[in-house]
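In my numbering, the protein residues as written are 142 to 358.
Derived from the structure by calculation, the hints contain no laboratory data.
Check before you lean on any hint, since a few could be wrong.
Unchecked claim - Computed spacing ranges between beta-carbons, pair by pair:
1) Arg211 x Gly328: 15 to 25 angstroms
2) Val244 x Arg198: 26 to 36 angstroms
3) Ala201 x Gln236: 37 to 47 angstroms
4) Asp275 x Pro354: 34 to 44 angstroms
5) Ala226 x Leu313: 30 to 40 angstroms
6) Pro310 x Thr352: 33 to 43 angstroms
7) Pro304 x Thr352: 19 to 29 angstroms
8) Asp188 x Leu340: 37 to 47 angstroms
9) Asp275 x Gly342: 21 to 31 angstroms
10) Pro304 x Arg223: 41 to 51 angstroms
11) Ala176 x Leu302: 34 to 44 angstroms
Quantities reported herein were computed from a predicted structural model and do not represent experimental measurements.
Here a beta-carbon is modelled for each residue, glycine too, at the ideal position from N, C-alpha and C.
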Amino acid sequence: MPSTALTSFAPAADAARHLDLADYVGAAGWARLPAAVRRRFGAGHPDVDYAGRMDLRCSAIGRIYASLSRAFGSPLTSLQARGLAATVRVRGNGQGGVVWERVFGEAANGATGAAIVRSTKEPGAEGQLTERTDGGLAMALDVFEENGTLVFQSRRFFLALGPLRIPVPQWLSPGQCRVTHTDLGGGDFRFTLSMRHPLWGETFHQSGIFTDPLQVE
């Protein structure tokens, strides 16, 4: 179990102006990814909005985590729906990070609900990639290629409060987060997010297909 001691953190002075995921994935893995994926995640990629539809579900324990997360800007949503209209907005923050904002709208089957989940991927301590929500809940991430899919997998959670990094014990977290980006060809891709707790099993699952408006391979 990680220590709960407080630590301080200062961004590296030579942090890249543009986040380059190729550096985290490694040359061999990056080369195995489809060209469309490399373009979407490469350094200096343009700002873009991806439109699509998602299926979302969470467990009873997941709903508790979603409720508690309101204190940190609601980075977890308890929405449960199929075919929910969604938009993913990707923007560089001008500081070496990339903001990913998922906006959920009205479901195609008549159910309604709205939520915005926003996080920033940025260089972290010791050369790791981190993902931080506006409310301060953050993850240290492993990034790798797996069978042509780009995978982000949480290593640990922490609270980022100013210069402080406060570790979150694994049993208090919503579970290990695994996000995959799978290119489907023709400008479409599948986004999948799953959180699995060592005691409570899967707490959150989200999956959807989105269209890349910038190009069709």
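Results for each hint:
1. Arg211 x Gly328: 15 to 25 angstroms: Distance hint for Arg211, Gly328 is violated at roughly 36 angstroms.
2. Val244 x Arg198: 26 to 36 angstroms: 18 angstroms, violated
3. Ala201 x Gln236: 37 to 47 angstroms: Given about 38 angstroms between the Cβ atoms, the range holds.
4. Asp275 x Pro354: 34 to 44 angstroms: 26 angstroms, violated
5. Ala226 x Leu313: 30 to 40 angstroms: For Ala226 and Leu313 the Cβ distance comes to about 33 angstroms; the hint holds.
6. Pro310 x Thr352: 33 to 43 angstroms: 40 angstroms, holds
7. Pro304 x Thr352: 19 to 29 angstroms: Violated, at about 40 angstroms.
8. Asp188 x Leu340: 37 to 47 angstroms: At roughly 40 angstroms between Cβ atoms, Leu340 and Asp188 fall inside 37 to 47 angstroms, so the hint holds.
9. Asp275 x Gly342: 21 to 31 angstroms: 28 angstroms, holds
10. Pro304 x Arg223: 41 to 51 angstroms: 42 angstroms, holds
11. Ala176 x Leu302: 34 to 44 angstroms: 40 angstroms, holds
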